[in-house]
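Heads up: the protein sequence lines correspond to chains A and B, in order. For the first sequence, our numbering assigns the number 379 to the last residue and increments by one with no breaks. For the second sequence, our numbering assigns the number 80 to the last residue and increments by one with no breaks.
It is worth saying that the hints were derived from the structure and are not from the lab. Don't take every hint at face value.
Claimed, not checked - Away from chain B, derived, C-beta distances all over 10 Å, residues of chain A:
no.	residue
1	Gly54
2	Pro175
3	Gln179
4	Val344
Unchecked claim - Short derived list, chain B residues pointing at chain A, Cβ under 10 Å:
no.	residue
5	Pro6
6	Ala63
7	Ile73
Using N, Cα and C, we set each Cβ at its ideal position, and we do this for glycine too.
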Amino acid sequence: MKHVDEYRDGRLARALAARIAREADPGGSYYFMEFCGGHTHAISRYGIEDLLPGNVHLIHGPGCPVCVLPVGRIDAAIALARRPEVTLCTYGDVMRVPASRGLSLLKAKAAGADIRMVYSPLDAVRMAEAEPAREIVFFAIGFETTTPPTALAIRLAAAKGLKNFTVFCNHVLTPAAIQTILDSPELREMGRVRIDGFIGPAHVSTVIGTEPYAFFAEEFQKPVVVAGFEPLDVMEAVLMLIRQMTDGRHEVENQYGRAVRPEGNARAKEEVAEIFELRKSFEWRGLGRVPYSGLRLKAGYAAFDAERRFVIDDVLAPDNPACECGAVLRGVKTPAQCKLFGTVCTPETPMGSCMVSAEGACAAHWTYGRFRDRARLAS
Amino acid sequence: MCLAVPGRIVSLAGADLLLRSGQVDFGGVAKKINLAFVPEAGIGDYVLVHVGFALAVIDEAEAARVLADLREIAALEDAE
């Protein structure tokens, strides 16, 4: 497939790996965090860590939208879906995320709640048109990539004068999460996590551009290289980060210029600004309450806000106490360091959110990386 | 959710700002995709699609440049 296969060429990957080994300082070490779940997935699936020299380490970040959604919000969605008049629509990834009391949206659906999987928020708008007697609630989650589509769906529902379409908004912002990681005591004081640079988001950056990362490069003196989601993209980004460190630079560079412009997507940003505003703070799994990190509907679109139409409890619900998803999302622990990993927690029976989505660090490690661990032990 | 596949626009429909759409071909599977966020996109362009919406047009020249860079690195490594 065009713009896919070219970036999975094994010969080029081996050459890049050789170049990285040549340019990396053998006496030093490198710790790079890939923020996005898309990168995590590519790194695990293509065995990129095995191609890199032993002193270049990749740390998984919190950029998996399903993973960072706290249990309380899923509990709230289930409570909404149990109202007899409500049909709750959401993306497939969210359906199996564990909620409180052993529930999930999928189990709530099996127990009779009207919960439907959709591909696009426009499917939910169409459903609202087709079924005027039902209250259609779109359970919206995701980073900057899924926010413009939700915004456009709301605009469309407003244009059509729909009275039975609302959005339960859980959209979150990438820069706020990066800031939290860089400010975390584990990084700044305890020295439990070391991050020398960031592999910056691919598709999030198609929307917000590369400018929002300039602050991190400058303020925290960490290089950032925005990279595509294919294996050669990730490897070239690693090479670019190493070169910045060799030169003593800390800049924002763009490896993914074929899709990312410095200013991002102006139309998408306009649409988001029309519909949404910042919440003062929003709860993230693993990161806690992060200031100005989530979006809600503006007052002008209150009629489409599920949190205003229905009473939704904003209660904190604890994660499974043995689950290490929080530490994994902060880069403090690897999936294999969790007691539940691969024992009771597998993609078939996930105990924590990181085991659910293909973008989750635990699911990626279970699917691809555990065999590598075993090979390492054997050799 | 942040993963997206590039597809090629094969036809366009709708002039409405919110509803501009097109058939996008993903290696043989065609799907109707909203193109409101990529007003510059035309037939033959590759777009990145998220949840039914195209969010970016692939810049062919930039894609070719990066691949040429990578091939150059490979040629250098082969030579050494």
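Cross-check of the supplied hints:
1. Gly54: 19 Å, holds
2. Pro175: Answer for Pro175/A: holds, closest chain B Cβ roughly 15 Å.
3. Gln179: 19 Å, holds
4. Val344: Since the minimum Cβ distance to chain B is about 26 Å, Val344/A lies beyond 10 Å and the statement holds.
5. Pro6: OK, holds: Pro6/B within 10 Å of chain A, min 4 Å.
6. Ala63: 4 Å, holds
7. Ile73: 5 Å, holds
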